[in-house]
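K.L.:
One letter stands for each residue in the lines below.
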Amino acid sequence: MMIKAIAMRDVLLNRIWEAMEENEKIFFVTADFGSPILDKIRSDYPNRFINVGIAEQNLINISAGLALEGYTVFAYAIAPFITMRCFEQIRVSLALLSEVRSMNVNLIGVGAGYSYVVSGPTHQCYEDITLMRALPNFQVLSPADHISAGALFDRCIETIGPKYLRFDAQVLPVIYEAGAPNLNVGFHVHRQGSDICLLATGYMMQTALKVANSLSTSSIEVGVVDLFDIAKFDNKAMVSLLKNYKGLVTMEEGFRGRGGVDAMMFEFIARQNLSLPLLNLGVQGGYRFELGSREELHEQVGIGPNYIKDAVINFIKTL
Amino acid sequence: MSNLINLADKADWVWRETLAIHRRAPETRLASSLSSIEIFIALYYGGVLRFDATNPLTSTRDRCIISKGHGSICMYPILADLGFFPAEELLKVCHTGGILGGIPDPIIPGYETVNGSLGHGLGVGTGVALGLNRKCSDRNVFVVSGDGELHGGANWEAIMFASQHNLDNLHLIVDNNKISMLGYTDDIISHGSLASRLGAFGWECYEVDGHDVYAVRDKLIKMKNTNHGKPKALIANTLKGRGVPGLENAPLSHILNPKPELLDSLLEK
Numbered sequence: 636m637m638i639k640a641i642a643m644r645d646v647l648l649n650r651i652w653e654a655m656e657e658n659e660k661i662f663f664v665t666a667d668f669g670s671p672i673l674d675k676i677r678s679d680y681p682n683r684f685i686n687v688g689i690a691e692q693n694l695i696n697i698s699a700g701l702a703l704e705g706y707t708v709f710a711y712a713i714a715p716f717i718t719m720r721c722f723e724q725i726r727v728s729l730a731l732l733s734e735v736r737s738m739n740v741n742l743i744g745v746g747a748g749y750s751y752v753v754s755g756p757t758h759q760c761y762e763d764i765t766l767m768r769a770l771p772n773f774q775v776l777s778p779a780d781h782i783s784a785g786a787l788f789d790r791c792i793e794t795i796g797p798k799y800l801r802f803d804a805q806v807l808p809v810i811y812e813a814g815a816p817n818l819n820v821g822f823h824v825h826r827q828g829s830d831i832c833l834l835a836t837g838y839m840m841q842t843a844l845k846v847a848n849s850l851s852t853s854s855i856e857v858g859v860v861d862l863f864d865i866a867k868f869d870n871k872a873m874v875s876l877l878k879n880y881k882g883l884v885t886m887e888e889g890f891r892g893r894g895g896v897d898a899m900m901f902e903f904i905a906r907q908n909l910s911l912p913l914l915n916l917g918v919q920g921g922y923r924f925e926l927g928s929r930e931e932l933h934e935q936v937g938i939g940p941n942y943i944k945d946a947v948i949n950f951i952k953t954l
Numbered sequence: 045m046s047n048l049i050n051l052a053d054k055a056d057w058v059w060r061e062t063l064a065i066h067r068r069a070p071e072t073r074l075a076s077s078l079s080s081i082e083i084f085i086a087l088y089y090g091g092v093l094r095f096d097a098t099n100p101l102t103s104t105r106d107r108c109i110i111s112k113g114h115g116s117i118c119m120y121p122i123l124a125d126l127g128f129f130p131a132e133e134l135l136k137v138c139h140t141g142g143i144l145g146g147i148p149d150p151i152i153p154g155y156e157t158v159n160g161s162l163g164h165g166l167g168v169g170t171g172v173a174l175g176l177n178r179k180c181s182d183r184n185v186f187v188v189s190g191d192g193e194l195h196g197g198a199n200w201e202a203i204m205f206a207s208q209h210n211l212d213n214l215h216l217i218v219d220n221n222k223i224s225m226l227g228y229t230d231d232i233i234s235h236g237s238l239a240s241r242l243g244a245f246g247w248e249c250y251e252v253d254g255h256d257v258y259a260v261r262d263k264l265i266k267m268k269n270t271n272h273g274k275p276k277a278l279i280a281n282t283l284k285g286r287g288v289p290g291l292e293n294a295p296l297s298h299i300l301n302p303k304p305e306l307l308d309s310l311l312e313k
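Line by line, the protein sequences give chains A and B.
If you read the first sequence in the working numbering, its first letter stands for residue 636, the second for the next number, and so on.
If you read the second sequence in the working numbering, its first letter stands for residue 45, the second for the next number, and so on.
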C-alpha cells in the first residue's frame with residue numbers, strides 16, 4: 636500500500652504533540668514559525684509552548700536556559716535563520732555549554748537547500764551542513780522523507796545533547812515505504828550497484844533515485860545510499876560499503892567544495908586509505924537570484940537529474 | 045552591626061585579592077573586575093543568594109549568571125573563600141593545570157554558563173527564569189552584566205521577552221561602569237538612562253551606588269521580595285578600575301595593566 640507523503644515537520648511535530656501529554660519535560664519554542672500541527676501543541680500545552688518572535692538569537696538562548704533546567708527542548712524556525720542568524724549563540728550556549736552540562740536541545744530547521752525556492756537566497760540554505768558539522772558535539776541529521784524524519788523523534792528524546800535536524804519544507808515522496816532506517820548506522824543503502832555509488836542527503840536522495848533509474852535504462856547500475864547522519868555514521872560499515880565501488884558521487888543541496896558532505900567524504904576516503912575517486916556534486920556558481928522551479932534551478936547550479944546523469948556518465952569514463 | 049562590618053571588610057579583602065591575582069597573572073583584566081566587587085559581595089555574603097558550595101548545581105540554589113566575561117576575576121577569591129574550590133587554585137590563575145582562566149568558564153564550581161563571549165548571560169538567564177517559572181519553583185535568577193555588553197541586540201530580545209512573560213524571578217544587575225574597551229560608552233553608543241530605557245521595556249528598575257555594599261545588598265533584598273509580575277533591574281553605578289591610580293575611570297582602563305610596583309605598593313598598604 637502506498638503511504639501518503641506528508642511534510643517532514645508535520646510528522647515530527649505530531650510525534651512531539653503525542654508525547655507531550657506523558658512527557659512533561661518537553662518544551663517547544665518557535666521563532667514565529669508555524670504549521671497547523673503546531674497549533675495543536677500551542678493550544679493543548681500552552682505552558683510548554685512559547686513563540687519568542689522573529690528573534691533567533693533569543694530562541695537559542697531561551698532554549699539553552701530551559702535545557703539547563705532539565706527540559707527537553709525543541710526549537711523550531713526556518714533553516715537558514717535557526718543556524719546562521721544565531722550561530723554564535725549556538726556555539727556558545729549550546730555547543731560549548733553542552734560539554735559541561737547535560738542539555739538536550741533539538742534545533743528543527745525547515746527549508747533545507749532550495750525548499751523555499753521562490754523566496755530567493757535569504758530563505759534558501761546551502762551552508763548549514765558545513766557550519767553545523769563544524770561543531771564537534773552536534774548531531775546533524777538530514778532525512779530524505781517524512782518516515783525517516785519522524786523516526787528522529789526517538790533519537791531526540793533518547794540521546795542527550797545538541798542536535799540539528801535539517802528538514803525539507805516541501806512534501807517529498809516516500810522513500811522508506813517499508814519503515815524507517817536503522818538510525819544507528821547513519822546511512823541506508825537503497826540500491827546496490829556496480830562500479831558507482833551515489834551518496835546523497837536530504838532532498839538529493841530523491842534526485843539520486845531518479846538518476847539511478849534513468850541510468851538503469853542505459854544499463855548502468857549505480858548504488859544509491861541515503862546519508863542521514865552527517866556527523867556520526869558507522870565508519871566500518873561505510874568502509875565496507877565503499878569497498879564495493881570504483882567511484883563515489885556525493886550529492887548535496889549545499890555549496891560544492893565548501894566543507895559539506897563532499898569535504899567530509901574526501902577526508903573520510905583519505906583517512907581510511909581507500910583508493911576511491913570521488914565526484915562531488917553540489918551547488919555551483921555562488922549566490923543567485925534567478926527565479927524558477929526547484930528542478931530548473933537545480934539544473935542551473937549543477938545538481939539537477941540531467942546534469943548529474945551526464946556527470947556520472949563522464950565520471951565512469953575516467954575510472 | 046557586625047554584619048555591616050563584615051561586608052565592608054570582605055569587599056576590601058576581595059579588592060586586595062583581585063589585585064594580587066592580577067599581579068600573579070597579568071593576562072587577567074583588572075579594571076572591569078574592580079567595579080563589580082560590591083555587587084558580588086552583596087549577592088554572596090549579604091544573604092541575597094541561596095547557594096551550596098559543596099553542591100554548586102543543586103536544584104535548590106538561586107541561579108547567578110555572571111555575564112561579564114573578563115570582568116569577574118574578583119569572583120575567584122569569593123568562590124574560594126566560600127568553599128566552592130580550594131584556595132590554592134588562586135595561585136594557579138591562567139596556569140596549566142588550573143581551573144581559573146583569564147575568563148571564567150563553567151568548569152569552575154559556582155559558574156553557571158559560558159560567558160567569555162559577551163551578551164549571552166541575560167538571554168540564557170531568561171530561559172532559566174522561564175524554566176523555573178514553569179516548574180513553579182520559587183528560586184531566583186540573578187544576571188550580572190556590564191553596561192558595555194548591553195550594546196548587543198540579543199540582550200534586548202531577552203529584555204522584551206522577560207517582560208512579555210512576566211518573569212519576576214529574573215533580576216538583572218548592571219555593573220554600570222560606563223566604560224567598554226575603547227572608551228566611555230556614552231561616546232560609543234550611549235545608553236542614556238538605562239533605568240528609563242529598561243523601564244520603557246516593562247522592567248521594574250532600581251538604581252544604586254554600586255560601591256556602597258550595604259545599599260546594594262538592601263536593594264537586592266528588596267527586589268527579591270518584590271514580585272509585581274515584572275522582571276527587575278538594578279543599575280549599579282560603579283567606577284571601572286576603582287581604587288587604582290591611573291586605572292580608575294580611565295577610558296582605556298580595560299586594556300591597561302598597572303605596573304607591578306604600583307600593585308605591590310597598593311597591596312602593602
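Calculated directly from the structure, the hints in this document are not laboratory data.
Each residue gets a CB set at the ideal place from its N, CA and C atoms; glycine is no exception.
Warning: the hint list may mix true and false statements.
Stated by the list, open to error - Dumping the calculated DSS-like pairs for lysine-lysine here, alpha-carbon to alpha-carbon at most 25 Å:
1) B/Lys136 / B/Lys303
2) A/Lys639 / A/Lys845
3) A/Lys660 / B/Lys179
4) A/Lys845 / A/Lys952
5) A/Lys867 / A/Lys881
6) B/Lys303 / A/Lys675
Claimed, not checked - These stretches of chain A come out as covered by chain B in the derived footprint (C-beta under 8 Å, 3 or more residues):
7) 683–696
8) 823–834
K.L.:
All hints, please: hold or fail.
P.N.:
Okay, the hints, checked on the actual structure:
1. Taking the CA atoms of lysine 136 of chain B and lysine 303 of chain B, the gap is near 21 Å; set against the 25 Å cutoff, the hint holds.
2. For the hint pairing lysine 639 of chain A with lysine 845 of chain A, the CA-to-CA distance comes to about 19 Å; that is within 25 Å, so the pair holds.
3. This hinted pair checks out: lysine 660 of chain A and lysine 179 of chain B have alpha carbons roughly 10 Å apart, not beyond 25 Å.
4. Taking the CA atoms of lysine 845 of chain A and lysine 952 of chain A, the gap is about 21 Å. The hint holds against a cut of 25 Å.
5. In summary, the hint linking lysine 867 of chain A to lysine 881 of chain A is supported, as the alpha carbons are separated by about 24 Å, within the 25 Å threshold.
6. The suggested pairing of lysine 303 of chain B with lysine 675 of chain A is violated, with an alpha-carbon distance near 64 Å, which exceeds 25 Å.
7. For the region 683–696 of chain A, the proposed coverage by chain B is satisfied: 9 residues have a C-beta within less than 8 Å of a C-beta in that chain, meeting the threshold of three.
8. By the rule of at least three residues with a Cβ nearer than 8 Å to a Cβ of chain B, the coverage given for the region 823–834 of chain A is violated, with 0 such residues.
The earlier numbered hints that this structure contradicts are 6 and 8.
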